[in-house]
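A.B. asks: Note that the protein sequences, when read in sequence, are chains A and B. Numbering of the first sequence is given in our numbering, commencing with residue 48 and proceeding in unit increments. Numbering of the second sequence is given in our numbering, commencing with residue -16 and proceeding in unit increments.
Heads up, a few of these hints could be off.
[Unchecked claim] Calculated cross-link-like contacts (lysine-lysine; reagent style DSSO-like; alpha-carbon spacing at most 30 Å): (1) A:73 with B:43; (2) A:60 with A:73; (3) B:51 with B:39; (4) B:32 with A:73; (5) B:35 with B:60; (6) B:60 with B:39; (7) A:73 with B:35; (8) B:43 with B:32; (9) A:73 with B:39; (10) B:32 with B:60; (11) B:43 with B:60; (12) B:51 with B:35.
What the hints contain is simulated information worked out from the structure, not anything from laboratory work. Keep in mind the model is a prediction, meaning the values are calculated, not measured.
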Amino acid sequence: DAGVTQSPTHLIKTRGQQVTLRCSPKSGHDTVSWYQQALGQGPQFIFQYYEEEERQRGNFPDRFSGHQFPNYSSELNVNALLLGDSALYLCASSWAELGLPNEQFFGPGTRLTVL
Amino acid sequence: GDSVTQMEGPVTLSEEAFLTINCTYTATGYPSLFWYVQYPGEGLQLLLKATKADDKGSNKGFEATYRKETTSFHLEKGSVQVSDSAVYFCALRENTGTASKLTFGTGTRLQVTL
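Construct the complete structure from the given sequences, taking the supplied hints into account.
C.D. replies: Shown next as structure tokens:
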């Protein structure tokens, strides 16, 4: 059983560009959350998707957007990249029982470097 | 808002030493508490969890007890191994409705030497 997978592993972009990161959840999971982990810091919650809708959002600007597909996979899009967006982006999947959350399983992350 | 405070690292111990990593939290309700571990170049792995006051989570020799009176969830292990070297994150999750975001501390790096 494959766990949470993310692509690409590494990415280098320049300021002002746009980037799309991808996540496939663990089999049987229907909820995807995204986190940003800056170097030496703990992960910060960006948003969560359930039933193809954004269910909860953290304190991130509108430049950060996402999408969930019918097969539960998800994308994170970041527009107008800033140097400060350089970080490890983690995807976590979970399943909802009666709409309530369960344990989150994390992928290995995508390392984004903005030059 | 919710927050988690961890002791700063790095923590350097000799193999077989006793480990304590302190964690305290601030939350408006009654959160679930977690310890995650991150090995070099990898994502986060759940180490243990506790969902209500006085619960003790345990896994792989690690333990942590949910102390509501002191708002703490300290991680302990009686005898560390070199393979325990990693970054440890304390986290909470509010149990309100469908909200399930995790709020993390800044992490504590543990280095175990022979």
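A.B. asks: State for each hint whether it applies.
C.D. replies: Hints and how they fare:
| no. | hint | result |
| --- | --- | --- |
| 1 | A:73 with B:43 | holds (23 Å) |
| 2 | A:60 with A:73 | holds (28 Å) |
| 3 | B:51 with B:39 | holds (12 Å) |
| 4 | B:32 with A:73 | holds (20 Å) |
| 5 | B:35 with B:60 | holds (21 Å) |
| 6 | B:60 with B:39 | holds (13 Å) |
| 7 | A:73 with B:35 | holds (27 Å) |
| 8 | B:43 with B:32 | holds (13 Å) |
| 9 | A:73 with B:39 | holds (27 Å) |
| 10 | B:32 with B:60 | holds (15 Å) |
| 11 | B:43 with B:60 | holds (9 Å) |
| 12 | B:51 with B:35 | holds (8 Å) |
The structure meets every hint from the earlier list without exception.
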